[in-house]
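Peer 1: What follows is each chain in one-letter form.
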Amino acid sequence: EAGVTQFPSHSVIEKGQTVTLRCDPISGHDNLYWYRRVMGKEIKFLLHFVKESKQDESGMPNNRFLAERTGGTYSTLKVQPAELEDSGVYFCASSQRTGSYEQYFGPGTRLTVT
Amino acid sequence: DAKTTQPNSMESNEEEPVHLPCNHSTISGTDYIHWYRQLPSQGPEYVIHGLTSNVNNRMASLAIAEDRKSSTLILHRATLRDAAVYYCILRSWGKLQFGAGTQVVVTP
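If you read the sequences in order, they're chains E and U. Per the numbering used here, the first sequence starts with residue 1, numbered consecutively. Per the numbering used here, the second sequence starts with residue 1, numbered consecutively.
Please keep in mind that the hints were generated in silico from the structure rather than gathered at the bench. As the structure is a computational prediction, the values presented were derived from the model and not from experiment. The reader is advised that the hints may include incorrect statements.
Heads up, simulated DSSO-like pairs for lysine-lysine below, C-alpha to C-alpha not over 30 Å straight-line [as the list claims (entries may be wrong)]: (1) E:Lys44 - U:Lys3; (2) E:Lys15 - E:Lys54; (3) E:Lys15 - E:Lys41; (4) E:Lys15 - E:Lys78; (5) E:Lys54 - E:Lys78; (6) E:Lys44 - E:Lys54; (7) E:Lys54 - U:Lys3; (8) E:Lys78 - U:Lys69; (9) U:Lys3 - E:Lys51; (10) E:Lys44 - E:Lys78; (11) U:Lys69 - E:Lys51; (12) E:Lys51 - E:Lys78; (13) E:Lys41 - U:Lys3; (14) E:Lys41 - E:Lys78; (15) E:Lys41 - E:Lys54; (16) E:Lys15 - E:Lys44; (17) U:Lys69 - U:Lys3.
Could you build the full structure based on these sequences and the hints that come with them?
Peer 2: Now the structure itself:
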């Protein structure tokens with residue numbers, strides 16, 4: 001069974017540009033989460049999808065970040081326009097059900113904004 | 001949200017047990033105790049979780065205090081591959097809230 005995959009593995013963009021990160025969850029997992037670790041900080045939750053609905057987006061830092069999950073399969077996270085402080089590693093995770101079930105993480109996308 | 005307290009780092013010799021403590025004095029009745037670890041350059045990886053009773057799986061054991069205000073993750077025989085940051089997380093629903101975790105160093 002394939003794990004959670006993320007694309008690209010690394011992205012370098014200039015301040016003000018747009019970047020779109022993609023996450024493919026494990027097949028059949030209704031729950032999809034985005035997290036990120038910015039430089040020197042702890043891993044922080046961004047948002048949670050159940051199928052294609054946003055269940056919790058309390059961690060989204062501002063309106064420059066837009067997450068979508070059309071059709072309830074893969075998800076994209078767009079940053080527009082990117083700022084220097086957005087640099088970090090963005091992780092996606094999926095789980096079969098909500099609640100106490102374990103989350104399976106992807107390898108992350110390293111975003112560098114110059 | 002309830003928070004956890006872990007030591008910054010722990011060191012162990014290969015093939016010896018490792019006991020990782022976690023304090024969570026403000027845990028609520030619906031909080032599960034989850035442990036994840038993150039190996040270098042990888043995403044976090046689920047290790048184990050429990051509610052009240054001690055739990056065992058192929059990776060580790062979780063010992064939960066009777067009052068649930070603390071727990072201990074036990075790696076029975078540390079290997080070099082177990083060198084990682086270990087996170088103790090309280091979770092009742094949905095998102096995981098990561099702290100700084102414990103950096104485990106395993107020496108041959």
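Peer 1: Now look at each hint and say whether the structure bears it out.
Peer 2: Going through the hints against the structure:
Restraint check for E:Lys44 and U:Lys3: satisfied, since their Cα atoms lie roughly 14 Å apart, inside the 30 Å limit. As the CA atoms of E:Lys15 and E:Lys54 are separated by approximately 28 Å, the hinted pair is consistent with the 30 Å bound. Straight-line distance between C-alpha atoms of E:Lys15 and E:Lys41 comes to about 21 Å, which keeps the hinted pair within the 30 Å bound. Of the pairs offered as hints, the one joining E:Lys15 and E:Lys78 holds, with about 14 Å between alpha carbons and a cut-off of 30 Å not exceeded.
Between E:Lys54 and E:Lys78 the CA atoms are separated by roughly 15 Å; this keeps the pair inside 30 Å, and the hint holds. For the given pair, E:Lys44 sits about 17 Å from E:Lys54 by alpha-carbon distance, which is consistent with the 30 Å threshold. Distance hint between E:Lys54 and U:Lys3 is fulfilled; the C-alpha atoms sit about 25 Å from each other, no more than 30 Å. Using a Cα cut-off of 30 Å, the hinted pair E:Lys78 and U:Lys69 is violated, with the two alpha carbons roughly 40 Å apart.
This hinted pair checks out: U:Lys3 and E:Lys51 have alpha carbons roughly 29 Å apart, not beyond 30 Å. Note on E:Lys44 and E:Lys78: the hinted pairing holds, with a Cα-Cα distance of about 17 Å set against a maximum of 30 Å. A distance of roughly 34 Å separates the Cα atoms of U:Lys69 and E:Lys51; the hinted pair therefore is violated under the 30 Å criterion. For the hint linking E:Lys51 to E:Lys78, the alpha-carbon distance of about 18 Å falls within 30 Å, and the restraint holds.
Straight-line distance between C-alpha atoms of E:Lys41 and U:Lys3 comes to about 16 Å, which keeps the hinted pair within the 30 Å bound. A threshold of 30 Å between alpha carbons decides the hint, and for E:Lys41 with E:Lys78 the separation of about 21 Å falls inside it, so the pair holds. Restraint check for E:Lys41 and E:Lys54: satisfied, since their Cα atoms lie roughly 25 Å apart, inside the 30 Å limit. At most 30 Å may separate the alpha-carbon atoms for a hinted pair to count; E:Lys15 and E:Lys44 meet this at roughly 22 Å.
Taking the CA atoms of U:Lys69 and U:Lys3, the gap is near 11 Å; set against the 30 Å cutoff, the hint holds.
In the structure shown, a violation is registered for the earlier hints numbered 8 and 11, in ascending order.
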